[in-house]
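S.K.: So you can see what is in the structure, the chains are spelled out below.
There are 2 protein chains.
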Amino acid sequence: MKEVGLGLLGFGTVGAGVVRGLQTNTELIGNRVGILPVLKWIADVDLDRDRGVSVPTAILTRDAWSVIKDPAIQVVIELIGGTRVARDLVKGALELGKPVVTANKALLAQYGAEIFALARKRNVDVYFGASVGGGIPVIRALRDGLVGNRIERIRGILNGTCNYILTRMEREQMPFEGALKEAQNGGYAEQDPSLDIDGIDTSHKAVLLASLAYGFHVPLAAVHTEGIRRLSDLDIRCARELGYRIKLLAVIKRVGTEIEVRVHPTLIPLDHMLASVDGVFNAILVQGDLTGETLYYGRGAGQSPTASTVIADVVDALQNLDASSAQRAPAMPNYSGQARVRAMRDVKTRCYLRLSLLDQAGVLARIAALLGEQDISIASVLQKEVHSGEYVPVVMVTHAAEEYRFETALKQIEALDVVGAPTLRIRIED
Amino acid sequence: MKEVGLGLLGFGTVGAGVVRGLQTNTELIGNRVGILPVLKWIADVDLDRDRGVSVPTAILTRDAWSVIKDPAIQVVIELIGGTRVARDLVKGALELGKPVVTANKALLAQYGAEIFALARKRNVDVYFGASVGGGIPVIRALRDGLVGNRIERIRGILNGTCNYILTRMEREQMPFEGALKEAQNGGYAEQDPSLDIDGIDTSHKAVLLASLAYGFHVPLAAVHTEGIRRLSDLDIRCARELGYRIKLLAVIKRVGTEIEVRVHPTLIPLDHMLASVDGVFNAILVQGDLTGETLYYGRGAGQSPTASTVIADVVDALQNLDASSAQRAPAMPNYSGQARVRAMRDVKTRCYLRLSLLDQAGVLARIAALLGEQDISIASVLQKEVHSGEYVPVVMVTHAAEEYRFETALKQIEALDVVGAPTLRIRIED
Chain A
1 MKEVGLGLLG FGTVGAGVVR GLQTNTELIG NRVGILPVLK WIADVDLDRD RGVSVPTAIL
61 TRDAWSVIKD PAIQVVIELI GGTRVARDLV KGALELGKPV VTANKALLAQ YGAEIFALAR
121 KRNVDVYFGA SVGGGIPVIR ALRDGLVGNR IERIRGILNG TCNYILTRME REQMPFEGAL
181 KEAQNGGYAE QDPSLDIDGI DTSHKAVLLA SLAYGFHVPL AAVHTEGIRR LSDLDIRCAR
241 ELGYRIKLLA VIKRVGTEIE VRVHPTLIPL DHMLASVDGV FNAILVQGDL TGETLYYGRG
301 AGQSPTASTV IADVVDALQN LDASSAQRAP AMPNYSGQAR VRAMRDVKTR CYLRLSLLDQ
361 AGVLARIAAL LGEQDISIAS VLQKEVHSGE YVPVVMVTHA AEEYRFETAL KQIEALDVVG
421 APTLRIRIED
Chain B
1 MKEVGLGLLG FGTVGAGVVR GLQTNTELIG NRVGILPVLK WIADVDLDRD RGVSVPTAIL
61 TRDAWSVIKD PAIQVVIELI GGTRVARDLV KGALELGKPV VTANKALLAQ YGAEIFALAR
121 KRNVDVYFGA SVGGGIPVIR ALRDGLVGNR IERIRGILNG TCNYILTRME REQMPFEGAL
181 KEAQNGGYAE QDPSLDIDGI DTSHKAVLLA SLAYGFHVPL AAVHTEGIRR LSDLDIRCAR
241 ELGYRIKLLA VIKRVGTEIE VRVHPTLIPL DHMLASVDGV FNAILVQGDL TGETLYYGRG
301 AGQSPTASTV IADVVDALQN LDASSAQRAP AMPNYSGQAR VRAMRDVKTR CYLRLSLLDQ
361 AGVLARIAAL LGEQDISIAS VLQKEVHSGE YVPVVMVTHA AEEYRFETAL KQIEALDVVG
421 APTLRIRIED
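Protein sequences appear in the order of chains A and B. Counting with the numbering used here, you get residues 1 to 430 for the letters of the first sequence. Counting with the numbering used here, you get residues 1 to 430 for the letters of the second sequence.
Incorrect hints may appear among the rest.
Claimed, not checked - Okay, the calculated bits of chain A under chain B, using three or more residues with CB under 8 angstroms as the criterion:
1. 28-40
2. 316-330
Unchecked claim - Pair ranges (Cβ atoms, derived):
3. VAL55/B x MET1/A: 25 to 35 angstroms
4. ALA117/A x PRO71/B: 30 to 40 angstroms
5. VAL85/B x SER324/A: 35 to 45 angstroms
6. LEU96/A x ARG345/B: 54 to 64 angstroms
As the list claims (entries may be wrong) - Mimicking DSBU-like on lysine-lysine, the simulated pairs with C-alpha atoms at most 30 angstroms apart in a straight line are:
7. LYS2/A x LYS40/B
8. LYS121/A x LYS2/B
9. LYS384/A x LYS348/A
10. LYS121/A x LYS91/A
11. LYS253/A x LYS384/A
12. LYS69/B x LYS40/B
Calculated from the structure, these hints are not laboratory results. From a predicted model like this one, the values you see are computed outputs, not experimental measurements. Where is the CB? At the ideal position from N, CA and C, for every residue including glycine.
Isolated chain A (complex conformation) (with noise of 0.2 angstroms):
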């Protein structure tokens, strides 16, 4: 049978994974696309670690440069994470005319412009799918699948993480750092978790989703970014009093000509197939023109959901490999040039508002007020009764309407001497 030889560019988790999917499986592979996927070089700056895989010494080096101009490494597997040295390395492959398949969301979402342009020009594919939705083959989907749709939007819950936290926060009624301290003990969140909570890693991931679904380089600093840091327990409790739960979302949206890409927590109606996705589940939902809305669910993090798409996009390299089909299937088409990210300003939502008022005769009516002023109706008020303090906290739900109004009005209404703290917004998805 073919053999096609890979060089892997980080010996970390998911790469330890891949090296584990490619010895239980190469012949299954093997069996049914008839060429034989075999890993030359393994390349890291860590050798001496045990990472509960066994692999021939001989094929372990620190140096990744060599192991990109070996020639008898055809695709090269980047997964070393970071955005410097992987940015070299994987420029580096392609220059050498080498397909590079990677995960790393950040290089994408960054520098993706400069490195498809240059796949392009060197006429060598670069393979992402395990960048967004860890074992769920949604960039396949889009790219692939749903080729011949026009999408209206996707919605989708990609951090693994976040969901873990926001699943706890429900289950248990902890409070955010509770929740938190669990997902790190539990290895599911990392010592360092900002990339995480504060939604960096979901923006890469919409980065890449938009970027893919409407043929223009969506700029990272173009995407509207909250974490879930400031959520409470509190918010939590209410939005389930009120028929929602809270996810934090991509969100990606045609409107016009323009296209809405935002990151934020959001409440979802209790009955809608997103609100049921828990714990480090993933779910993207995608809705086409043609097709409607599909979905795609499953462990969207960890060694071997990862690895199994990195393996996917390693045999579809070896298949253009072997027919010679290099950019067959552009990855990242690049054809919108006059598209553009709305500006968050005139996004228009739905709104949940928890203020923190004083209890007292009138005040409701002068947030309302306010509210109105900026063409805000108010669809739902929900008060909780507290037993200590003075500012109590009232719930409202909005009608639709632009972000622009909400600053003003939240502005004005924060200056008003009966409000106790900021208010707390989060955006509805209906």
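Given the coordinates of chain A, assemble chain B onto it according to the supplied hints.
M.R.: This is chain B only, laid out in the frame that chain A set:
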């Protein structure tokens, strides 16, 4: 831009959807993949009926063979349905070295072995993404996205008509006949609904999924197939009380070296993802050894969703033509010479039994004894009150046992004088 000529055979509902989809999105597709699909011929026996889509009469013909033979036609789309004419035309196109896109699961389930063999021999591709799951790109997910996984299990709701009927029976507490009539009036069921409600359509799709997952041609005759005709609204209510919903499921499962492939009504726990799939929607749960469980959900039938997947296959064909990469990804890999479908008698499941028993002392004990002789133990019993007749329905949920044990026990039970009617048995998937 490069152009590829398409010939469409069959201008029915899905055919018209493909025409409209191409009319709407050809430019977008061209932008995405750099090749334009151009519809050059539409063949159908009926050229007069209004399909709600306008095409130049010059491209309409009654002569499907002339379409296949026209050198301007590079890709043939077969949407005629049935297994007689379609079989000849598909084979004719392949003989001429032209790739075929088809949504014809009946054809491939029955004649797939010869069709895929011919395609290999002629070094040309057959694309059948729209044969399973309508607008859900699940065939692609299985072929490409999960190619690195050993597939442990697939469970799917694959027939929208049955799922619609079962959903209506549950929601409206309707008998089967009423729900079927409603489905027919609403256009969700054919006037002769047997292909759907007897599970045949689902078993065609199960053959394709199982063959693709396990690399051997699963004979249609080896698939145990039961439909939903015998289900009553009483069963649906009893199941609900016991914490289950009833769905027509395709179950495909690796058990050692054998593969279970079966289609039957199934009790699914209420909190399971498949239990919440309602109406005409489809969902497929695929478990891989690396990726774990992934779910694919969307519209499993209908004009535009099915057209979406047909068009995705057309694009795959365009790309392979353009890159001269025929047979780049084998349509249906065939490598598991020794695998075989497990005999139904050896399949082990838990079961729901609805017995019709005389309401007198000692009857349950006699039933339990006969089940016990076959090592079938009872997990729970539900006796419904009735107000007329001497026989009462008694529902039992058992622990897992092999089919042959149930067959033996139920035969003995039916011979008892205290049993008023044959026992209805529904398998359970947990």
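S.K.: Going through the numbered hints above, which ones does this structure break? Give me the numbers in ascending order.
M.R.: 3, 7, 11
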